Structure formats: structure tokens, C-alpha cells
Amino acid sequence: MSEGGDDDPDFRRSAVGCLDRLYSFARSLTRSRTAAEDLVQETYVRALRAANRPTDPAGVRPWLFTILHNVWKNERRRRPPDSFYAPPDRLERIPTEAATPEEALDHDSVTVKVWRSIEALPDSYREVVLLRFSQGLTYREIAEILDCPAGTVMSRLARARALIIEAARPSREVRRVSGRH
Amino acid sequence: MTGCDAARRVLTPYVDGELVGDERRAVDDHLASCWPCRTLFAEEARLADSIRDAIPRHEPSTELRANVEALLDARRARPRAALRSLAAAAAVAVLALGTWGAQAYRARPRPVVTAPPPPFVALAVDSHLRYASGRLPLEVRSDRPDEVSRFFTGRVPFHVTLPEYPVGPGEKKAYELEGGRLVSLDNDYVAYLAYRMEGRPISLLVASEDKVKPSGRDTVRSGRLSFHIDAIAGLKVITWSDNGLTYALASDVSVEGARTCLVCHGSPTERRRIENFSPGT
Chain A
1 MSEGGDDDPD FRRSAVGCLD RLYSFARSLT RSRTAAEDLV QETYVRALRA
51 ANRPTDPAGV RPWLFTILHN VWKNERRRRP PDSFYAPPDR LERIPTEAAT
101 PEEALDHDSV TVKVWRSIEA LPDSYREVVL LRFSQGLTYR EIAEILDCPA
151 GTVMSRLARA RALIIEAARP SREVRRVSGR H
Chain B
1 MTGCDAARRV LTPYVDGELV GDERRAVDDH LASCWPCRTL FAEEARLADS
51 IRDAIPRHEP STELRANVEA LLDARRARPR AALRSLAAAA AVAVLALGTW
101 GAQAYRARPR PVVTAPPPPF VALAVDSHLR YASGRLPLEV RSDRPDEVSR
151 FFTGRVPFHV TLPEYPVGPG EKKAYELEGG RLVSLDNDYV AYLAYRMEGR
201 PISLLVASED KVKPSGRDTV RSGRLSFHID AIAGLKVITW SDNGLTYALA
251 SDVSVEGART CLVCHGSPTE RRRIENFSPG T
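Chains as they are written, first to last, in my numbering: chain A, 1 to 181; chain B, 1 to 281.
Note that these hints are calculated values from the structure, not bench results. Heads up, some of the hints might be wrong.
Claimed, not checked - Some residues of chain B that are not near chain A, with every Cβ distance over 10 angstroms (derived):
(1) D28
(2) P56
(3) Y175
(4) S208
To be verified - Calculated pairs, DSBU-like style, for lysine-lysine (alpha carbon to alpha carbon, straight line, at most 35 angstroms):
(5) A:K73 / B:K211
(6) B:K211 / B:K173
(7) B:K213 / B:K173
(8) A:K73 / A:K113
(9) B:K213 / A:K73
On a predicted model such as this, the values are computed, not experimentally measured, just so you know. Here a beta-carbon is modelled for each residue, glycine too, at the ideal position from N, C-alpha and C.
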């Protein structure tokens, strides 16, 4: 981490390039469009205020996620849950490549079940699932963002998987249908 | 050659692509010759796919994208733009401050200041601009001071009690309270209050004096209070401390400086005092 200037075009490019992922993560965390937009903007405001920025473009994404997670953590600690929990956004329809309507229905019902089971996870598990499966971050990057050992990330992921399978029973259905991809 | 137990211990990191080099090759070798483990690993990979597929992808709105890009561009352009905007803002602020009642405050040439404003002042400007453009949603939306005050109880490390604006018979309120929310400053929260006066938004930040000290390019005294005044990005920002709290009032330069004081000092006596207020005294 070293000093990055305000007029650094590489930083700007990297920071803008992270917007989609930051927003998607914020939206899943907050379950609210307005709260997610606020969280993302606050993340960029803080990033711009920071004295030290990563000079390596590859370091910008985990760094921004760390800021976003810290802002979120503080918000969550300071506010009662219902102050930022809007009704969960509905499970948006996810396009499938199913060959038939029956297959599509089958797939969607599994998708909805899996998503509901992710939504029902404790926050500490839900965060690692979102960072790993939605953002594709490595265990080490997730550990840095959450400020915990990589071993903790691994154990939370393993536990989260078990809970998802349990909640989305029958697990055979999850695997059989998803196996058509 | 890795055995079944050893291979299954690294099932999750293997599927997640965390296993590399010799460790990965050892598992690959085992899977090539072990059908039950191969089936188990394949199921785990499909589960990972199911989870990945189930998480909705949310696209940021065009407005959010524009806001973020504007934030980044404004920051990049600041060193040069500040010279122009501060000079223009200073001129406008001087005009606005001329309405503070007396003529004692005389504009005098000052060097252009390019240093960034203190965090509390910057936050007041940022919050005001975001609220005015509809990008800072309120957490409590009410014109009742008691209701808005209650929202902050237990959420900020100080007590917020908003005064009622006393309205005489046939008199119209000089301002309307719109609500409030928390905004963060240095890993802590301060209170943000939104008002509207003559159709223009006014923002008031309140923080503990222990954490934040007032600051501004110009200082004027009124009684026991010192008001610090700045003009930034076309906004007038006044900060001061009183009774253990520090305030920052941000408003459009078109709102008369002294009139914004009515937000907290609306009693007839205080109103007269404001009307007679001379920044030079």
C-alpha cells in the first residue's frame, strides 16, 4: 500500500471497474436498493479520503471491499436491524438455459430454495458465501476483508455449505437439477 | 498417492480452486483412480455452481454510476477547479455575508486557500449536496422536532433536542424541518438534520465537541459564541460550538446567513437578536 495521487488514472479506472461488484455485494448485504447505494457511495467517499491507496490495480478491489465491509459493520453495530432492513428484494428471476419449461421451473425452484437458504444464514456465514460465490474472491482476500484468519473463512464456508444443503432439502434435488448446466 | 481421507479433508478448497501445485496434483491423481471420491467431488462442485447461480446479480443504476464517476472526477479535478470555485464561492459568500445585518463585516482580499476543508466541514458539504440531489435518504422523515429528536436517542453519543419554532397568530414558519439521519465521521456517527427554508434545503450536522472543533476561514463573534464561516463548492458553511456540541450549517448561498440561525433560535427575543446581529461585534 502506498500513496496514490488524486489524479491517478489507473486508480480511477480500477475503482470504477469495481462498482458493479461492490453494488451487487452491498445490495445482497443490505437487502435494500437505497441502503446499498448509500453504502457504495460512502465507500467511495472514504476511499477518496484515504491517505494511502493501493498502487497495484489488483489490490483496489479487495481494498474497496474492505472499506465497504467496515462501513457496513459499523452501520450494523450502531443501528437497530429494522432501520436498514427493507423487505428483502425478491428473488430476481435468474435466466436459465433449461431445454423445456418443466426444466426451467425445476431449476427456478431449486434456485429460489438455495437463495432463501443463503438469506437465512447468519451474517458471518452469509458474508463469506457472497464474497466467495458472488464475487469470486480467494480465501486470503476474504480473510483480509473480514479481518480474520483464512482458516476461519474456510470453516465458515464449510459450515455455510452444510447449512445450505440442510435448508434446501432435498439435497438430491439441488445437485440433480444443477447438474444439467 | 493421497488416500480417500486426505483427499476429502481438502474437498472444499479443492473445489474452490484454492489448492495449487503438488497438493492439487496429488488430489487429481487420487480422483483419477477413486470413483467414490470422484463422485463426491463432482457433487460438491455442482453444489458450488448451484450457490453461484442462486445469488442474484444486481446492476447499479445509471444514476449511481454517474454519481460515483462524478465523485472520482471531482477529486481528480480538485487542485485546479478549487482555485476557480473557491474564488467564485468566496466572492458569493462575501455577498451573502453582507446580509448578516450590519455593515461592519467588510470583504477584504484573501489568498486563495487550496487546502482541503476539515473533515467535519467536508462532510457537511458532501451531505448537503447529496441530500439536495436526492441521494441521501433520511432515516426519520418528520416535521416534528420531538419525533426527530427521539430518533437520535441512543444512536449518537450525545443528546439531541430540537427546538420548536414558535409561530405567532397568522405567522408562517420561517423554515420546515424535514427529518434526519446518521452520517459517519471517523468511524463514529454524527446527526444530520434536513430543513427547508423558502424552498431551499439547509443541512445541519451535530457532533460532540470532544470529537470535532469548529473551523473556517473567517471567524465572527456574537456574544459568547464564535462562528467560523467558509464558502465551499457554492455553499456557505458555518460551524460553531455551544454547550458541548459542534454544529455545521450548510446552505445554498442564496439563503441569507442570519436567517439560517432561525433553525435553532426562533423565539421572538432571539429573532430580534439575530436581526440586530452584527458579525463585527
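- [ ] Compute the least Cβ-Cβ separation between D28 of chain B and chain A, then decide whether it is above 10 angstroms.
- [x] Check passes; 20 angstroms lies beyond 10 angstroms.
Open item on the list: So if I understand the rule, the pair passes when the alpha-carbon distance is 35 angstroms or less; does K211 of chain B with K173 of chain B pass?
Closed with: holds (33 angstroms)
Open item on the list: For K73 of chain A and K211 of chain B, compute the direct alpha-carbon distance and say whether it is at most 35 angstroms.
Closed with: Holds, at roughly 21 angstroms.
TODO: Quick one: work out the minimum CB distance from S208 of chain B to chain A and report holds if it exceeds 10 angstroms, violated otherwise.
DONE: Non-interface label on S208 of chain B holds, nearest chain A Cβ at 15 angstroms vs cutoff 10 angstroms.
TODO: Hey, is P56 of chain B genuinely clear of chain A, shortest beta carbon separation above 10 angstroms?
DONE: With a cut-off of 10 angstroms, P56 of chain B comes too close to chain A, as the shortest Cβ separation is near 4 angstroms.
Task: Beyond 10 angstroms from every chain A Cβ - status for Y175 of chain B - done: holds (25 angstroms)
Task: Restraint check for K73 of chain A with K113 of chain A, where alpha carbons must lie at most 35 angstroms apart - done: Holds: K73 of chain A and K113 of chain A sit about 27 angstroms apart, inside 35 angstroms.
Open item on the list: For a C-alpha distance cap of 35 angstroms, please report whether K213 of chain B and K73 of chain A respect it.
Closed with: holds (27 angstroms)
TODO: Sort out whether K173 of chain B lies within 35 angstroms of K213 of chain B, counting only the CA atoms.
DONE: holds (31 angstroms)
Of the numbered hints stated above, the single one contradicted by the structure is hint 2.
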